[in-house]
Amino acid sequence: MKKLINITINDKKLELAVEPNMTLVDMIREELKMPGTKKGCGIGECGSCTVLLDGKPVCSCITLAVEAENKEVVTIEGVETENGLHPIQKAFVEKGAIQCGFCTPGMVLSAKALLDNDPRPDEHTIRKAISGNLCRCTGYQKIVEAIQSVALEK
Amino acid sequence: MTEYQTINSRAPRIDAPDKASGRAQFIDDLNLPGQLYGAMLQSPLAHAKILKIDTTRAKALPGVKAVVTAKEAGHVKYGVSPARYDETLFCVDKVRYVGDEIAAVAAVDLETAVAAASLIDVEYEELPIILSIEEAIRDGAPLIHDEYPGNVCAEVHQEFGNVEAALAECDIVRTDTFSSQMQDCAFIEPQGCMADYGLRGYLTLYSSTQVPHYTQRTLAMVFKMAPSMIRVIKPYVGGGFGAKASANAMEMAACLLSMKTGKPVKMNFTREQVFLHSRSRHKFIHTMTTGAKKDGTIVALKHHATLEGGAYSSFGIATIYYAGSLLGGPYKLQHMKYDAQRIYTNKPACGAQRGHGGVIARAAWEQQLDIIAEELGMNPVELRLKNMMSDYDKSCNELYMSSFGMKECLESVRDQSGWEKKKGKLPKGKGIGMACGFFVSGAGFPIYRSDTFHCTATLKLAEDGWTAHLYTASAEIGQGSDTTFAMIAAEALGVPLSSIKVSSGDTDFGIDLGAYSSRQTLMTGFAVKHAAEDAKRQVLQVLADELRISLDTMDVKDGIIVFNGPGINFASVRDRFRKEHRGWIRLPRGNQLFFAEAVRFAFLTKGTIIGQGHYRPRFLGGTYKGAAVGTSPAYGCSAQVVELSVDMETGQITIDKMTDAHDCGFAINKTSVEGQMQGSLSMGLGEALFEEVKFDAKGRIMNPNFAEYKIPTALDMPNVTPIIVESNEPYGPYGAKEVGEGAIMPTIPAILNALYDATGIRFTELPLTPERVYKAIKAQQKEQKGD
Chain A
1 MKKLINITIN DKKLELAVEP NMTLVDMIRE ELKMPGTKKG CGIGECGSCT
51 VLLDGKPVCS CITLAVEAEN KEVVTIEGVE TENGLHPIQK AFVEKGAIQC
101 GFCTPGMVLS AKALLDNDPR PDEHTIRKAI SGNLCRCTGY QKIVEAIQSV
151 ALEK
Chain B
155 MTEYQTINSR APRIDAPDKA SGRAQFIDDL NLPGQLYGAM LQSPLAHAKI
205 LKIDTTRAKA LPGVKAVVTA KEAGHVKYGV SPARYDETLF CVDKVRYVGD
255 EIAAVAAVDL ETAVAAASLI DVEYEELPII LSIEEAIRDG APLIHDEYPG
305 NVCAEVHQEF GNVEAALAEC DIVRTDTFSS QMQDCAFIEP QGCMADYGLR
355 GYLTLYSSTQ VPHYTQRTLA MVFKMAPSMI RVIKPYVGGG FGAKASANAM
405 EMAACLLSMK TGKPVKMNFT REQVFLHSRS RHKFIHTMTT GAKKDGTIVA
455 LKHHATLEGG AYSSFGIATI YYAGSLLGGP YKLQHMKYDA QRIYTNKPAC
505 GAQRGHGGVI ARAAWEQQLD IIAEELGMNP VELRLKNMMS DYDKSCNELY
555 MSSFGMKECL ESVRDQSGWE KKKGKLPKGK GIGMACGFFV SGAGFPIYRS
605 DTFHCTATLK LAEDGWTAHL YTASAEIGQG SDTTFAMIAA EALGVPLSSI
655 KVSSGDTDFG IDLGAYSSRQ TLMTGFAVKH AAEDAKRQVL QVLADELRIS
705 LDTMDVKDGI IVFNGPGINF ASVRDRFRKE HRGWIRLPRG NQLFFAEAVR
755 FAFLTKGTII GQGHYRPRFL GGTYKGAAVG TSPAYGCSAQ VVELSVDMET
805 GQITIDKMTD AHDCGFAINK TSVEGQMQGS LSMGLGEALF EEVKFDAKGR
855 IMNPNFAEYK IPTALDMPNV TPIIVESNEP YGPYGAKEVG EGAIMPTIPA
905 ILNALYDATG IRFTELPLTP ERVYKAIKAQ QKEQKGD
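Protein sequences appear in the order of chains A and B.
In this text, residue positions in the first sequence follow the working numbering: the first is 1, and each later residue adds one.
In this text, residue positions in the second sequence follow the working numbering: the first is 155, and each later residue adds one.
Hints may be right or wrong, so weigh each one.
Think about it this way: if two alpha-carbon atoms lie no more than 30 Å apart in a straight line, the pair counts; the simulated BS3-like pairs of lysine-lysine are [stated by the list, open to error]:
#  : chain 1 : residue 1 : chain 2 : residue 2
1  : A       : 90        : B       : 655
2  : A       : 128       : B       : 848
3  : A       : 128       : B       : 852
4  : A       : 90        : B       : 711
5  : B       : 584       : A       : 128
6  : B       : 811       : A       : 90
7  : B       : 824       : A       : 90
8  : B       : 417       : A       : 33
9  : B       : 711       : A       : 33
10 : B       : 864       : A       : 128
11 : B       : 206       : B       : 852
12 : A       : 2         : B       : 848
13 : A       : 56        : B       : 848
Here are a few chain A residues that face chain B, going by a calculated C-beta distance under 8 Å [to be verified]:
#  : residue
14 : 35
15 : 43
16 : 80
17 : 92
18 : 101
19 : 105
20 : 134
21 : 139
22 : 142
23 : 144
Note that these hints are calculated values from the structure, not bench results.
From the three backbone atoms N, C-alpha and C, an ideal C-beta is built for every residue, glycine too.
Model the full assembly from the supplied sequences, consistent with the hints where possible.
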């Protein structure tokens, strides 16, 4: 039986009826039709589906939609500011941190969670913060450099 | 030196903003009205006869719209190489690996489709399973394919020069055996597709493929349709690395289901299915006998290789040739003998993975060259420099190095890594190692025999004059090809990068063989350059006629017509443009004529301006059997130095630093070149240290997920110092050649050589897991105590 939940997604308050076994990623992608959150493995190993739940990065493929009840969810669609791309997104574009782009939404959100709490992290802290986000294309270096460049601006 | 406006820069990728913001559309983001969902039934057994398939229960499930098996699919054999078409869409009489496709279902939702697939009843008669090369080649071993006795899928015997005679003359002759394990491309986006059979009988397949063209041809062959009745469209693809470089059964199943139901059918692999489909790196066993002179001259190589290929050929016919031919360089080797077999086993089919066929052979040989250098008392850099090929050299197997900055690569990694200060001087547990490699810039021939152009490009100038739209069937799979081609088009046309739009990855846009064998920058880049030059020439010709000046007195730069001569009166062209735009602001003014004005004028004179370009390599390669594999219009090359630490108590390796130089001919986009280098090294690091697809006794994959099949994380990968070497390739557009795959070549052997420097132990089996390293260290300690 469906359960009614209150949830805030990208600043928008919603009341949704969801199956108790529906994952957060399926709710975001299938119900809310926001495809920016990616599904790479379905079992919480690759990090492509990372979203922020009350500011903390979680794998939305192993988080149930009902677990997000009364919480704030930020997906990649909610990262841009009124001035366009968020500084982290801009840095990813400018530093060559994006190749295939499939891991990018999750990476950006992990980076955002880090920088929101620790504006000047060192390289190791950055690497640790994104170590749950797998990338097969870049070798991570340009991603780390992009995040570092935003940290230095702050 | 030529001054370029756009290329040779660090322009941000044109697809990056969409990818950064989540707007970029990947296959699973596509939904069509009325779509059905597909699921496949795959074999739970590694080797069995199919006695009976009963779909009654599946068809009866409410919501099921179609169930298809070999009965509906037909028995047309397909594969990658026409020499070995050994697959059918669905299994006909037997299954050959766990995961072999038996049937597919289309239903109103995914849950119903999956449930229906499990309701298909298959009666099997189990057959003996073959899970290793040894079992496969044993006398009397059961055959996986009746047509291939001894389970030998392919065999190669080549000799260049006279190896036995040459070895007899050598001062030092060494034989070593080296082996690896089956690996996985492990891209982050699983394969997916959507097939849409329209009411007019045209079939459209959207797919996360590297090769829209080959997929179109395979579908046409399997479904007995004209290729142009089928359109393959590739959205953004989340990495491929080789495993997405051929048509797969899911794509075909979706097409068949769409044809049966008249509805769009959506299908996706789970991560486990990605592993089951595989088409990734083979398991290789290499035995190499190398002979050298006292002065370090490498004279001869006798090479034997066995490849474990899994249940089908896939790219294997090319793989087996590459595993031999890619040792023809980068050293001046006079004599080379290569004997190899590719063996069928009851495992997923192996295929092409980044550095196709050459990676493990390169690892084995570069380690052996280090051993030889040590035995001769030579510095390994010195040994390599002594034997290095350079521009215009031809290998004994007739590979021609039209540009070859190998020496510069090697010297720059030596100097920038501080090699001389570190080699042999680091404490126990720390090591430094180096290696070299080279790779093709595109295959000299298409996979099927044909005189086809390898690519075509079309550049349509917008009728208003301000933008140009490039159409190419090439495949952007993450490597940055759309950006590369936009930059080439902008440069050749003489306009800013922001004026170029790119549409790619669609078979309706022309011919392009796709993203494999590191071909697109050189080949598609060539076609794009010509298309842009053609469009520009057409515009300038109209302008020349109007202004009564000669075509060759004009060019275009930064969107402005550059006249080679004073006082050209272009008032008639400007008036025409301004007259059409009364009331508009920012109309062209001043004493410079904009290219947009000329384009508009050309359109008003002769209609839409469309530039065309195409590319086909010059005839390449020798006359011997197999010469087609390994020949390329050009070769990229690279050298690497790796520094690492080994925990002598646990066997854990940490890669501390990598210095990599790659000769890409000419960097169209420097950031993208570095990205390919860093990404290659990361994959090489993973393969060297921990990647291995493991099987249980029944042929089931034990680690079909990222928790158990480990690829490098941000914590495993060190910073790389990337050094771009530009040798200016005469056969490449603006001098450009490959970087996408060649960069991986030296990584594994550089790690092996560094590991020896750290431990004094030579490892002959990959991956270098802590367990393997720990055991070797303990054995060494025991031996030393025994002494």
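Okay, the hints, checked on the actual structure:
Annotation: proposed proximity of residue 90(A) to residue 655(B) holds, straight-line Cα distance about 21 Å (limit 30 Å). For a cut-off of 30 Å, the pair hint linking residue 128(A) to residue 848(B) stands: about 28 Å separates their Cα positions. The hinted pair formed by residue 128(A) and residue 852(B) fails the criterion: a straight-line CA distance of about 38 Å is larger than 30 Å. Using a Cα cut-off of 30 Å, the hinted pair residue 90(A) and residue 711(B) holds, with the two alpha carbons roughly 28 Å apart.
Note on residue 584(B) and residue 128(A): the hinted pairing holds, with a Cα-Cα distance of about 24 Å set against a maximum of 30 Å. A hinted pair counts as satisfied when its Cα atoms are at most 30 Å apart, and residue 811(B) with residue 90(A) qualifies at roughly 28 Å. For the hint linking residue 824(B) to residue 90(A), the alpha-carbon distance of about 19 Å falls within 30 Å, and the restraint holds. Taking the CA atoms of residue 417(B) and residue 33(A), the gap is near 21 Å; set against the 30 Å cutoff, the hint holds.
Only pairs whose Cα atoms come within 30 Å are accepted, and residue 711(B) paired with residue 33(A) is rejected, the gap being roughly 44 Å. Taking the CA atoms of residue 864(B) and residue 128(A), the gap is near 16 Å; set against the 30 Å cutoff, the hint holds. Between residue 206(B) and residue 852(B) the CA atoms are separated by roughly 22 Å; this keeps the pair inside 30 Å, and the hint holds. This hinted pair does not check out: residue 2(A) and residue 848(B) have alpha carbons roughly 41 Å apart, beyond 30 Å.
Among the hinted pairs, residue 56(A) with residue 848(B) is inconsistent with the structure: their alpha-carbon atoms are about 35 Å apart, more than 30 Å. With its C-beta approaching chain B no nearer than about 4 Å, residue 35(A) sits inside the 8 Å limit, and its interface hint holds. Given hint, residue 43(A) at the interface with chain B, holds; its Cβ is 6 Å from that chain's nearest Cβ, closer than 8 Å. Interface hint at residue 80(A): satisfied, since its Cβ lies 6 Å from the closest Cβ of chain B, which is below the 8 Å cut-off.
A hinted interface residue such as residue 92(A) counts as satisfied when its beta carbon comes closer than 8 Å to some beta carbon of chain B; here the least separation is about 5 Å, so the hint holds. Interface hint status for residue 101(A): upheld, as the beta-carbon distance to the closest one in chain B is roughly 3 Å, under 8 Å. Evaluation of the residue 105(A) hint against chain B yields a held restraint, the C-beta minimum of about 5 Å falling below 8 Å. Because the closest C-beta pair between residue 134(A) and chain B is about 6 Å apart, less than 8 Å, the hint holds.
The beta carbon of residue 139(A) is positioned within 8 Å of a beta carbon in chain B (closest approach about 3 Å), and the interface hint is therefore held. Interface hint at residue 142(A): satisfied, since its Cβ lies 6 Å from the closest Cβ of chain B, which is below the 8 Å cut-off. Checking residue 144(A) against chain B by beta carbon gives a least distance of about 7 Å; that is within 8 Å, so the hint holds.
When held up to the earlier numbered hints, the structure conflicts with 3, 9, 12 and 13 and fits the remainder.
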